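The listed protein sequences derive, respectively, from chains A and B. For the first sequence, this note's numbering gives the first residue as 11, with consecutive numbering after it. For the second sequence, this note's numbering gives the first residue as 5, with consecutive numbering after it.
The set of hints was computed from the structure by calculation and includes no laboratory data. Small disclaimer: the values here were computed from a predicted structure and weren't measured. One should not assume that every hint holds.
Stated by the list, open to error - Here are the computed lysine-lysine pairs in the DSBU-like style, where the Cα-Cα straight-line distance is at most 35 Å:
{"hint": "1", "chain 1": "B", "residue 1": "Lys140", "chain 2": "A", "residue 2": "Lys40"}
{"hint": "2", "chain 1": "A", "residue 1": "Lys221", "chain 2": "A", "residue 2": "Lys206"}
{"hint": "3", "chain 1": "A", "residue 1": "Lys88", "chain 2": "B", "residue 2": "Lys35"}
{"hint": "4", "chain 1": "B", "residue 1": "Lys35", "chain 2": "A", "residue 2": "Lys215"}
{"hint": "5", "chain 1": "B", "residue 1": "Lys264", "chain 2": "B", "residue 2": "Lys214"}
{"hint": "6", "chain 1": "B", "residue 1": "Lys214", "chain 2": "B", "residue 2": "Lys228"}
{"hint": "7", "chain 1": "A", "residue 1": "Lys141", "chain 2": "B", "residue 2": "Lys293"}
{"hint": "8", "chain 1": "B", "residue 1": "Lys94", "chain 2": "B", "residue 2": "Lys337"}
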Amino acid sequence: MAKPKVAFYWCASCGGCEESIIDLAENILKVIEAVEFVIFPVAMDFKMKDVEALHDREIAVSFINGGIRTEEQEHMAKLLRKKSGIVVAYGACAHLGGTPGLANFFNRDMIFDYVYRKAPSVENPHNITPKPRTAVKQGDLTLPKFYDTVFTLDQVIDVDYYLPGCAPPPDLIMKAIEAILSGNLPPKGSVLAPDKSLCHTCKRKPTKPEKAIIKEIRRVHEVLLDPDRCFLDQGIICMGPATRDGCGERCINANMPCRGCFGSTSRVEDQGAKFLSALASVIDANDENEIRKITASIVDPAGVFYFYSLPASMLRRRRNIANE
Amino acid sequence: MSKRITIDPITRLEGHGKIEIFLDDRGNVEKTYFQVPELRGFEVFSIGRPAEEMPRITPKICGVCPTTHHMCSTKALDDLYKVDPPATAKKLRELMYSAFMLEDHMLHFFFLGGPDFIAGPSAPPAERNILGVISKVGLDIAGKVIRLRRECRDVITHFGGRVIHPVCGLPGGISKPLKEEDRLRIVDVAKNGVEFAQFALKIFEDIVLKNKEYVDLILGDVYKHATYYMGLVDKNNKVNFYDGDIRVVTPEGKEFARFKPGEYLSHITERVEPWSYVKFPYLKNVGWKGFVDGIDSGVYRVAPLARLNVSDGMATPLAQAEFERMYATLGLKPVHNTLAFHWARLIEALYAAERMLELAQDGEITDPHVRNIPTATPEEGIGVVEAPRGTLFHHYKTDKNGIITEANLVVATVNNAAAICMSIEKAAKSLIREGKVSEGLLNMVEMAFRAYDPCFACATHILPGKTPLFINIYSKNGDMIKTVGKG
Ligand code: SF4
Ligand code: SF4
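Generate the whole structure from the sequences, applying the supplied hints.
Below is the structure:
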């Protein structure tokens, strides 16, 4: 039997999702044995026309990582959708927009203005910024158009499954690959990780506040962090209550709070809103005013509560890519 | 008829990369352009974020070297809050960082750039990858590389929680101390690392240095640029990855500048071109003269060979001996031969392993005091480290509450952006003559940028398959005449 064809493609990503495949270490040889990679720019050549020449749905599964920020990325995502039976949004950026999605607090002009004009190391007397098309003596040079905002993958194409995490951990990657190869898949639209909150498996859960006891919010650099006590109990923002389980509490093992890279569970519409309500229930205040005072002491709530999910949030969700 | 060659995609800086080669009427290379078609705008969306989140935000610039951004950002926070971490915290950071440099350099030598030599520049593409390396050095050794890399990455995970985007850095220290049982494990990894790095140098000697063809390639003019060099040095002018002064030497090897991280703006300026999203840094006090080398051009190079060129040696004994041997063999200092980056990288890997072992055996390393809580009012902070791929600067300004108001990042590979353009152009000019473009020649062009290990995983040979270069040749009016691919 022919091996199933697999594509692994990057959009607006950092390369960390590629590294997560290399971090399968000894297991990577098993994967190579079981599938035929048709596109994997980290590891091998592919030609656009070879991809275009594939039959529709000829690729068994495409894993696409990174958000969508340029027209080239959108184009590739659409092409892969057409050629693939299954599309998996791989990693936090494709799933939720990821940390680079914080750029949705700004727009293209603001980014260009700083990066190419105002940054203190830049000298740009002629006010040059990169252009989609530049005529040089020998011909035209082109760059893909840079969109105003970052999109999640499912805002651009239909997505079948999500593999969460920044980056996804090896055990979940292997499980997902095995599930796909064996055809043993959950309903379309599922996130391929446990559907409960991170606190559920966290070693610190016994000290997690269950009633309103937090008097003060503190920042990680201001206090010595107790390695055993729940972060919330220490007054430190930890996104655990609003975050899906499955990473193995990676950040918490390093004695740092969670920032929510797995997104929320299926019952939650908006990760940041969910966190805010979880937090409000443990704040110890006598009245409205006091609650307001305590929550006001959270610096940058939007940036921290949507550390990984701004483009997917109700706050900054863009409805229509045609606006670009 | 004018022709145009497009190499796309090749790279991974902040995204992919693309090379455009224009041929003149006779089919010789007239001009090449190296373009980076992506931007994500980290400097801008950092604004409004709490400074202490920056070590968690900035690693997302690059998932290939997140540890570098994490460390640089953490150091910028030390400076921002004017807080000196406890000695043990600095040592733990450097220990984690050494593990990172070791595994990253090994990855490059065996799986990314190295196959050019190990399998050979003219080996068929199907062999210029991990499988070719395995068949040349044996499955056993390839297994050792995978294992060493996994062990080093476990060390990083131990501190950082995650190896892809670690989280342990805080202004004034690190989030948790090291326990004795974990220390013992790290000592073993480091010992193994020292042995393996020596072994890698031996492979380099047997396969590359004993082969006249390869040595001629390294020393030939095709891969040579007389540029300035930049890198971090300690107070004895020895190579340092984690801390020190930035030293710049001229193409003749004379000290041109030696400065503190906080003075970087007096030395580095970035140029903008309309045809690339990447900026082109150059030495401010020399000036921009275009994509050219020589003493009058502000183009400088960073990363392994540059670091060795600006230093007086290595701070550990085994690496020092290898340093001396390299310069004795190549005869000159600075070495301008781009392919010598590979050799320098292995010497650095040995240093990283030796340093890791030193630190893991340091009497203070398990001290539980690993944080000083910052008390100063923040205003401005600058951090620098040496990434595997060159000098990295993070520069933040904040309000008095520690909220970022401005962020400027000069990213490691970007320092080499101009030089990479030049190296590609020179290789293309030397190798593509009268319209003759063969697959072997394409690999030789590819080798010009792969030597820099420019933070893209793209041009790599990790998996069996075709290599990522293909060239379309167009006529002036845009019709594709020919595709030359490999694999
Ligand atoms: S809030 Fe954080 S530290 Fe507390 S139990 Fe949940 S995940 Fe663990
Ligand atoms: S602890 Fe939170 S931020 Fe960290 S890896 Fe797990 S889900 Fe992601």
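Cross-check of the supplied hints:
1. Lys140/B to Lys40/A: holds (21 Å)
2. Lys221/A to Lys206/A: holds (20 Å)
3. Lys88/A to Lys35/B: OK: lysine 88/A and lysine 35/B at ~34 Å, within 35 Å.
4. Lys35/B to Lys215/A: The given pair, whose Cα atoms are some 62 Å apart, is violated under the 35 Å limit.
5. Lys264/B to Lys214/B: violated (41 Å)
6. Lys214/B to Lys228/B: holds (21 Å)
7. Lys141/A to Lys293/B: Holds: lysine 141/A and lysine 293/B sit about 23 Å apart, inside 35 Å.
8. Lys94/B to Lys337/B: Between lysine 94/B and lysine 337/B the Cα gap is close to 32 Å, so the pair holds against 35 Å.
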